[in-house]
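Let the sequences and hints guide you as you build the complete structure.
Residue numbers (the working numbering), protein chains in the order written: chain A, 1 to 540; chain B, 1 to 166.
The calculated label-pair distances, taken between Cβ atoms and stated as ranges, are:
hint: 1; chain 1: A; residue 1: K434; chain 2: B; residue 2: M103; range: 16 to 24 angstroms
hint: 2; chain 1: B; residue 1: M103; chain 2: A; residue 2: H469; range: 43 to 51 angstroms
hint: 3; chain 1: B; residue 1: D44; chain 2: A; residue 2: T503; range: 36 to 44 angstroms
hint: 4; chain 1: B; residue 1: D44; chain 2: A; residue 2: G253; range: 50 to 58 angstroms
hint: 5; chain 1: B; residue 1: M103; chain 2: A; residue 2: Q290; range: 54 to 62 angstroms
hint: 6; chain 1: B; residue 1: E92; chain 2: A; residue 2: P473; range: 39 to 47 angstroms
For lysine-lysine, the following BS3-like pairs were computed, each having C-alpha atoms within a straight-line distance of at most 27 angstroms:
hint: 7; chain 1: B; residue 1: K129; chain 2: A; residue 2: K434
hint: 8; chain 1: A; residue 1: K507; chain 2: A; residue 2: K402
hint: 9; chain 1: B; residue 1: K105; chain 2: B; residue 2: K129
hint: 10; chain 1: B; residue 1: K140; chain 2: A; residue 2: K393
hint: 11; chain 1: A; residue 1: K345; chain 2: B; residue 2: K50
hint: 12; chain 1: A; residue 1: K478; chain 2: A; residue 2: K393
hint: 13; chain 1: B; residue 1: K74; chain 2: A; residue 2: K434
If you're looking for bench data, these hints aren't it; they were derived computationally from the structure.
Computed from a predicted structure; not experimentally measured.
Don't be surprised by glycine CBs; every beta carbon is placed ideally from N, CA and C.
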Amino acid sequence: MFSNCLDRWYNCALKRLKIVLDAALEKQTGHVSASDEELPDELAHKPPRVLRFTIKAHIYIGFVFAFLLALSIGVALVATLILMDRSLEVVEVSNKYVYHTFEARNYEKEFLLYGTGQKEALENIRALKDLFLEHYGEIKKMVGSNDLLSKIDQYGRLLDTLKDLQSRPVTSPELEARRKQTQQELQIIGGEMIVVAKELMRKEHDSLDKAMLLFRVVHIYAVVFLIVFIVFVLHLLGYRVLRTLNRFMVYMGQISSGKQSSFQSSSLYRDEFSDLSGVLDQLVKEYDRQQNIISQSHKLRAVGTLTAGVAHELNNPINNMTLTAHMLLEDYSELPDDERLDMIKDLIDEAGRARLIVRSLLDFARESESIMEPIGIGSVLEETLKISGSQVKIAGVHVELKITPNLPRIHGDRHQLQQVFLNLILNALDVTLKGGHLKIDAGMADEDNFVAVKVTDYGQGIPDHILHHIFDPFFTTKTKGKGTGLGLSVSQGIIAKHGGHITVSTKQKRGTTFTVKLPITTIPADLSQYTGQQTVLNNQ
Amino acid sequence: MKTCFIHTEQIYRVCYDIFLDNTRVFDVMSTMADGKFEVLLLDDEPIVGKRLRPALLKLGCEVEVFEHPQKAVKRINEKEFDVVVTDIRMDEIDGIEVLEHVMNKSRRTKVIMITGYAMMELARQAMEKGAFDFIAKPFKPEDLRLVIIRAAEALGVKLTPSQETN
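Set out below in structure tokens:
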């Protein structure tokens with residue numbers, strides 16, 4: 001029964017809360033639509049029809065409810081207390097009543113047997129009468145009969161009559177008979193009064209029991225319901241706040257680990273957290289934009305470094321074309337047809353070569369959308385070496401490229417990764433003396449599900465006091481105008497975005513190894529290596 | 001004091017002219033002994049050799065073309081050329097080394113360096129080490145011919161450019 005009742009209470013409370021929440025929501029919706037008009041672009045990226053239910057409102061509603069609940073519980077407790085008080089009072093009255101009745105009857109007995117005590121009996125009766133008159137309402141409610149007072153009066157009168165009769169010294173049979181009759185009446189009425197008193201007693205007991213029960217029940221319900229309600233509100237609020245905070249933590253973790261993600265705001269309603277997530281999203285976007293600008297400006301800087309090499313590299317095909325064209329012009333009439341054709345073919349080939357050189361640089365320099373796709377790290381390294389080829393040649397450095405066959409692919413942006421490796425290679429070239437060599441080694445990392453690319457130079461190494469600054473933006477050891485100090489910082493940003501990391505190990509006078517670790521991807525599977533193997537087999 | 005200084009300078013100049021005259025006489029004599037004007041052309045781009053050979057043949061020189069510096073150096077050890085034309089930037093041995101080699105072998109050989117655009121520093125270095133002149137890529141065949149004619153003049157040989165050139 002108790003649990004049934006509790007269930008009903010809970011359901012009722014839920015219903016009430018829902019109604020209030022709905023009302024609050026409706027009130028808030030109007031407010032939101034107003035602010036929508038004020039800030040159209042800020043909310044443009046949010047789902048337009050989501051209701052706004054702030055945590056502030058949530059807390060307020062919770063508190064108002066708790067307050068109302070506490071108030072009603074207090075009222076209920078006071079009411080039951082008053083009830084108890086009253087029934088206790090009535091108990092006292094009825095106790096007095098019973099006491100006086102029994103006393104009166106005792107004295108009556110004494111009076112009948114010994115002739116004394118009539119006065120005390122009368123006093124009791126009077127007190128009884130006073131009590132009755134004083135607490136008429138309560139006693140009447142209890143007993144329900146109207147003739148109690150008349151019985152008391154009658155009892156008093158009979159007592160008086162009896163006294164009167166006994167005080168007469170002469171005894172006559174008539175008087176004796178009357179005395180006996182009076183005695184009998186007195187006993188009957190006395191008995192009736194006792195019955196009434198007993199009934200009063202019983203009813204009083206019952207009502208006291210009832211009041212006690214009510215008091216206990218109200219107490220228990222109040223405490224239980226208060227606890228349930230507090231748990232309910234705390235659960236709603238806590239769940240809402242903590243869950244969102246948890247999601248924020250996950251989100252922040254994703255951002256700091258470099259993964260691009262957007263905060264999935266709670267779909268039920270908008271609140272302070274959705275505002276916060278909006279601001280955070282904007283912050284992340286802005287950060288991303290600035291990172292892109294820095295990355296791009298550094299890329300252009302790298303292009304500047306490369307340009308000298310590329311210009312030099314371009315000189316060869318242009319020189320070849322110039323020579324060929326001039327000789328063709330000079331000797332046109334004397335040359336046999338096939339020689340002329342050969343020269344023209346040379347011209348076309350060299351023009352193509354020049355175009356390729358320019359295009360690889362432009363491809364690299366172009367400000368491109370970030371396209372994340374599964375790519376082989378080997379091809380990225382080869383392309384990077386192609387771009388930096390002229391620089392490598394000018395530096396007179398021998399580059400040893402070792403790629404472990406059948407490496408799993410990684411998920412990344414080709415151009416950005418090229419930028420990273422180009423930075424590392426150009427840095428390595430800077431510290432390598434002419435005729436020296438540097439090593440690029442791509443293989444599986446010792447960490448699971450990562451590939452590692454190691455770019456090793458055999459230069460002077462990095463001094464300790466510089467080592468922990470090398471990834472700082474704008475930190476450079478190169479002479480002014482030669483380095484922006486952004487290369488490693490940008491590279492680190494790019495690699496972090498790919499979910500990987502760059503580490504450096506260096507030995508004084510021995511050289512430095514930069515290790516880039518990138519997580520591998522298995523989806524979608526790369527089938528080209530198998531078909532590639534097949535063609536090799538076919539060729540054999 | 002000032003006049004004295006000028007005087008000294010003039011003396012130096014005269015001495016220098018006499019020195020130049022002597023080398024010129026010397027050069028002419030040795031060229032005459034061979035009877036031919038011999039040019040070695042070294043560039044790792046095959047087309048350069050292929051196209052320049054006929055252009056230089058028109059000057060009446062004998063031309064030997066090499067793509068690999070190793071082979072060219074070997075040939076230089078075997079034979080004394082009047083003019084060596086070499087690219088500066090090559091993979092195995094660079095032009096400066098070839099120049100040094102030639103200078104060690106024979107002082108009278110005129111070395112003409114072919115340089116890229118962004119290598120003025122290298123060119124200056126080459127001149128310091130005794131190169132006759134340098135010519136920047138991209139160049140016309142006529143440009144090289146003119147430099148070779150000047151080199152020949154320095155050796156006291158008169159080369160006549162072909163009349164057919166425009």
